[in-house]
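There are 2 protein chains.
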Amino acid sequence: MKIIRSVSEMIQVRQQLSGKVGIVPTMGALHEGHISLVQQCRSHSDHVVVSIYVNPLQFGPKEDFDKYPRNLSQDTELLSDEGVDIVFAPEELGEQNSETKVIPGELSTLWCGKNRPQHFEGVLSVITKLFNIISPTDAWFGQKDFQQFRIIEKWVEDFYVPVNLHRAMIVREKMGLAISSRNAYLNLDQKYNAKNIYKSLTAAKSAFMQGETSTKVVLELSKDYLKKMKIEYHAIIDPVTLKPCDKVFIGSVLVLAVKLGQVRLIDNMIFDM
Amino acid sequence: MKIIRSVSEMIQVRQQLSGKVGIVPTMGALHEGHISLVQQCRSHSDHVVVSIYVNPLQFGPKEDFDKYPRNLSQDTELLSDEGVDIVFAPEELGEQNSETKVIPGELSTLWCGKNRPQHFEGVLSVITKLFNIISPTDAWFGQKDFQQFRIIEKWVEDFYVPVNLHRAMIVREKMGLAISSRNAYLNLDQKYNAKNIYKSLTAAKSAFMQGETSTKVVLELSKDYLKKMKIEYHAIIDPVTLKPCDKVFIGSVLVLAVKLGQVRLIDNMIFDM
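Taken in sequence, the protein lines are chains D and C. Residue numbering for the first sequence follows our numbering, starting at 161 and increasing by one per position. Residue numbering for the second sequence follows our numbering, starting at 161 and increasing by one per position.
Bound-form chain D, shown alone (with noise of 0.2 Å):
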């Protein structure tokens, strides 16, 4: 497995590849939901690149970028165990010249992007350069950030952009919680009351299969799961648009953040049958 820290050898390594390139772009400190994108990427690809930066464009002035976990050593153990080519991690991506942006519409305007200004830019600006140094012919994204897939696709559809987006499902602890970095930050407590975030999902989707297509009603059950938390958003929209709808349908997906403390999750589930 090669470890590559600079954009230029990047590009030099990247040309003497043939055949399909996938990438999973990550900021590290890694976890088992990683480790399944990377498994799939593996399984359908000639060559692996994971990408490990902690980019610095889609954390808001008062977010944890400084405190955000990383530990590349381990990090890069995990990857290649699990055959990975190239591990990517540049020390910088150009962010203090870089004067033209990449961004995105109405969509990151909804839900995260409410609270989390120029965050989904942030993030369209790194894969933007990461597509263009290491020009993936396929790339793997989590469904947990069910958003971010969506403005990302949204971005390839609309640039024409030469790549094959897959959308991974969302790896979960014994108990339902979503994994995510940021679970670290959870005390014994919050993350045994997480657990009913899993509890208010699927509570709403066995209402949907028994018949129920009422947004509120369904929502209304889901809700009850929540009590103990700030909730920030907590929805049912159209997978394309992210608008709310007001009838569930098979497709339509239940999308929430909440506060545990000061950790934010976000999870979601999509309706289907």
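In case anyone wonders, no lab produced these hints; they're calculated from the structure. Don't take every hint at face value.
Copies of the same chain look alike in the list, so a pair counts if it fits in one copy or across any two.
[What the hints assert, rightly or not] Below, a list of computed lysine-lysine pairs in the DSSO-like style, where the Cα atoms sit at most 27 Å apart: (1) Lys351 to Lys383; (2) Lys407 to Lys365; (3) Lys419 to Lys390.
Following the hints, complete the assembly by docking chain C onto the known chain D.
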């Protein structure tokens, strides 16, 4: 020579090409300036693609999008004579449903950007699409659009866009008028007067070559030739920041935009020895 009108066919055809693929992006209405770009591209590339697309996004609401000259059959005949391999002339490039934007920074607020808001955003948008569809290794642009070139170059730098940019010298008519599709709008009187633009540029350059480095003095000398035109801007600028400079130096550029009647013309000259 292949004429391709659909994005999906262009992507498919591109996948068969190897080696250097050069692109000359145009809006059609081809003239000697374009042909010069094509010839330089031809001598440097294994495959030459010329795109012809009158990009609606780079025209303002009061500009000449509707009456911009279009003559695809004449254009393709010219290109065929020049040994072009592919003409890519899409019907549209998804402007209707597009949400994501590529926004140039401060460079786009100066000069042409002042009187043509959103013009450079439109340019970057279409160039992003063309580059994603065609994946050129090299691209040619004319120096006449000096600011446009620098904005594209900055975007390439900022986002590590994998393409080599080439800026080709301005092609001029016998009496020095820079060749432009919009010259066709000039009546005889205006065309006669337009020759003074070149005189204005060369007067500045000879002053510099004789040792004059005061921007003020050089601009005054140059301005003498522009009396019968409406000057939109007329400045000596730094080639990287595009900002006005106090002293003329090797590499600095005299840029101007003038109006003769309703016809807006731009031109420039780099100060070199």
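Open item on the list: Cα distance capped at 27 Å. Does lysine 407 pair with lysine 365 within a copy, between copies, both, or neither?
Closed with: within (13 Å within a copy, 70 Å between copies)
Task: Up to 27 Å CA-CA - lysine 383 versus lysine 351, copy category - done: within (18 Å within a copy, 73 Å between copies)
- [ ] Evaluate lysine 419 and lysine 390 at a C-alpha cut-off of 27 Å and name the case that applies: within, between, both or neither.
- [x] within (5 Å within a copy, 61 Å between copies)
Going through the hint list in order, the structure satisfies each hint without exception.
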